[in-house]
Amino acid sequence: MGVWQSYRLRIQRKRWRIRAFRKRRELHPVANRTAQILPNDIIVFCTQRNERTRLPFFLNYYRDMGVGHFVFVDNDSTDGSLDYLSGQPDVSVWHTRASYKRSRFGVDWLNWLQRKYADGHWCLVVDPDEFLVYPFCDTRPLQALTDWLDASSIKSFSAMLLDMYPKGRLDAQPYEEGRDPIEIACWFDSGNYSLRKNKKFGNLWIQGGPRSRVFFRDMPAKAPALNKIPLVKWDKKYTYVSSTHMLLPRGLNQVYDEWGGEKASGVLLHAKFLDTFSAKAKEELERKQHYSASVEYRAYAESLKDDPELWCKWSEKYINWRQLEILGLMSKGNWA
Amino acid sequence: MTVGIVMLVHTALNRAEQVARHWTAAGCPVVIHVDRNVPRRVYNRFTSAVADNRMIRFSERHRCEWGTWGIVAASQSASELMLASFQDVSHVYLASGSCLPLRPVQELIDYLAARPRTDFIESATTADVPWTVGGLDSERFTLRFPFSWKKNRYLFDKYVDLQRRVGFKRKIPSGLVPHMGSQWWCLTRQTLSAILQDPERETYDRYFKKVWIPDESYYQTLARQYSTNIESRSLTLSKFDFQGKPHIFYDDHLQLLRRSDCFVARKIWPRAERLYQAFLADGAGAMNKTEPNPGKIDRIFAKAVERRTRGRPGLYMQSRYPNAGWENGLTSNPYSVFQGFSELFENFEPWLAKATGARVHGHIFAADRVEFSGGQTLINGALCDSAAKRDYAPEAFLTSLIWNTRGERQCFQFGPGDNQDINWFIARDPNAQISVISGTWAVPLFRSNRNFADLRKEAAELQRIESSHLDVLRSTHTKARIRIWTMAEFVEAPMEPIQTIIDEIGPPGQRHLAEAPTMANLEGFGQFLQNLKNQGMHPYLMGDFPVEQGPVKMPKPTRKPYLVR
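Each protein sequence line maps, in turn, to chains W and P. Count the first sequence with the working numbering and you get residues 16 to 351, in order. Count the second sequence with the working numbering and you get residues 13 to 577, in order.
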């Protein structure tokens, strides 16, 4: 990478930081418990809107994993999730009525809060329907991973988004509060992903999975990106560029090995496809607050009319992280 | 007679305390060195916490940075204190705060008591061991290293380069032969005191202060001067990864560590509660006389290093995306590509499946859809038959297909009518077995019922495509196993090449072919080619076909020879 390119990325990073700084005005603290954060705590950052039923399980999932604090941005929920969050002892929550789209899908808000509260911490940026799975997650807490990453001088950890879906109609099994959504949506596509390298930011761009297979069958280029780098040892100079797909400085995107080896990586189980999905897709289509004129949600609405089944004969049923590692979706790298 | 433990500590002081108390409970005195980087407040709290235990002492503090002299200085002062204050110590064991004794301490004491003159220190000459990081082995002893490797890597590297270019060399004190090895040793009182009380120590220390990572070479070199009996291995189980940093043990390693029969392991994750509970409970246990046996642990960690450096061939994923040429295998398994066979033979695909037991697909790169075997729309891994998706990333499609069906041989058809973007990839892949009968694209044209002008146009196009594909296959960069016949050549003697291909595919085809595929009826084909020529389009890829050719008869496969007794 030339000096010029490097300089341009630096300017871009500054631009996102300034933007995050401007957008801070849109956030109003509802419960700020960040003073409780201990120096070694892992912090979860999350933007949410009307996810009340999902939150209890989400919070417990990450608490059990060893997360010390949660920072939420509530985008004008109407289902009582703001009250629920502000009542949790380890959650800090900010409220905003501003446009999700114009905050670049929450990135600006979280960039600001991360800059303010995550400096020097390992922080995990996930949505309420994303559940991190990493090597040995059944026997070792998340801190074991972050300690190992620290010892290995690794600053960012990749976890690709793996779309999970139920067998049969999406609304066949209603999701109840507190339940593990992966029990319902326990199927996934194991081997239909394509990768390419983003030359500018150095990250990989991964597409595929059931969404690409069913909704974007004839326009694969428009299928959503599945690469994610959700776990980063944060520094206040860092910024996420687009969702958690890529970061600046670009060295943080180098989560893959280019010389034949495998680096350690995890998976974000994406429990988007539950019975709540159709309603959500409809609402999001009306709000038009999603990526590229909600092309994704338009495609869903289009297909959902005929009530598609995402499940197919070759779907794999989720068992544990070892299965994902054997299938080649994630890797232990040299962590043993 | 007992063992003295010198413990170097910089973090997780509560664990260090726990382990130190465990040692002293079994009668082993402990001298602890706490890194000067630990704040005074924390240090004071630590010392007062163990003040009740008279067998735990604290030595003078030094600043310890990885790869520098501080660690040696720390172990020197702690060892001196140990030898001076505990007269009955016969061996001194150097351990860190994250070391954990795996066997009852008494077993270690007995083991050492049975070997009173033996020094356990890994010590090898630099020329003979490959474990160095950063390409510095003998140069550790002959260059100067004023810059920190961890903090000032750039200056460190530049200064090393400069010294190499200038040809700078430090003089090694006479009589010393540089040795290196694990920094965790267990030395006898005789050897250790000889090292520490050597009249030349001043000289040696001055020299080793400038050596890189002296903790891996100071005692290792000097022990060779004094010891009468060196056992060149460390009693501490410690595994290193490809970057030279130690592997860490967690709760789930419990059984593995139990079975290793090693005395001490490092390094243990400070929060591995179960490990500390299990091993510090010091159950009396049957006295175990076995030698340490870290074989199984070795294998696990060797595998981890292999995975990190070589990876799984043919896998492309979020954390493995090799640069061109570094794939270590473009695909995960061998597969076969057939070009022209299904045109020339009727029902070639079912025949091939039967003859080889492999999974035989149609044209998986066909323009309209992916022709998976048996007309399936989806296949292993939920790979779908959409041509758009395949053409979006043809290489990912092929590598996924081969990866998803590991353990089952894949065969597929290919031809000039298919997407050609994959040609170079397959040609470069040593796993590909490519068999081509050139010119057979003319057979379907010949048998179709279309206007001759259209046929002529299409024939020209197909011939152009196949010709450039053949150029790819014949290029010097190809690594695939390639066989090319012209159609005329093949029709002359079809069985022999088929047998060769089938044999190569593997076990189910090892037997002699019982049944031959049926060749398409080629009566009038020669005339068809002549007609094309007459129209000015010269088909040449199929070789020389006589205008009037008798019907081609597939020879019956030769019977197995049998013996008449």
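One or more hints might be untrue.
[What the hints assert, rightly or not] Distance condition first, Cα-Cα at most 27 Å in a straight line; then the derived BS3-like pairs of lysine-lysine:
#, chain 1, residue 1, chain 2, residue 2
1, P, 170, P, 257
2, W, 328, P, 366
3, P, 491, W, 212
4, W, 251, P, 170
5, P, 366, W, 248
6, P, 491, W, 248
7, W, 248, P, 279
8, W, 237, W, 287
Quick caveat, the hints were computed from the structure, so don't treat them as lab data. Model, not experiment: these values are computed from the prediction.
Taking the hints in turn, this is what the structure says about them:
Pair hint residue 170 of chain P plus residue 257 of chain P holds up; C-alpha atoms about 23 Å apart against a cutoff of 27 Å. With a C-alpha separation of about 24 Å, the suggested pair residue 328 of chain W and residue 366 of chain P falls inside the 27 Å cut-off, and the hint holds. The suggested pairing of residue 491 of chain P with residue 212 of chain W holds, with an alpha-carbon distance near 25 Å, which does not exceed 27 Å. Between residue 251 of chain W and residue 170 of chain P, the direct Cα distance comes to roughly 30 Å. Violation of the 27 Å bound is thereby established for this hinted pair.
With a CA separation close to 56 Å, the supplied pair residue 366 of chain P and residue 248 of chain W exceeds the 27 Å bound. For the hint pairing residue 491 of chain P with residue 248 of chain W, the CA-to-CA distance comes to about 43 Å; that exceeds 27 Å, so the pair is violated. Annotation: proposed proximity of residue 248 of chain W to residue 279 of chain P holds, straight-line Cα distance about 23 Å (limit 27 Å). Under the criterion of a C-alpha separation no larger than 27 Å, the hint pairing residue 237 of chain W with residue 287 of chain W is consistent with the structure, at around 18 Å.
In the structure shown, a violation is registered for the earlier hints numbered 4, 5 and 6, in ascending order.
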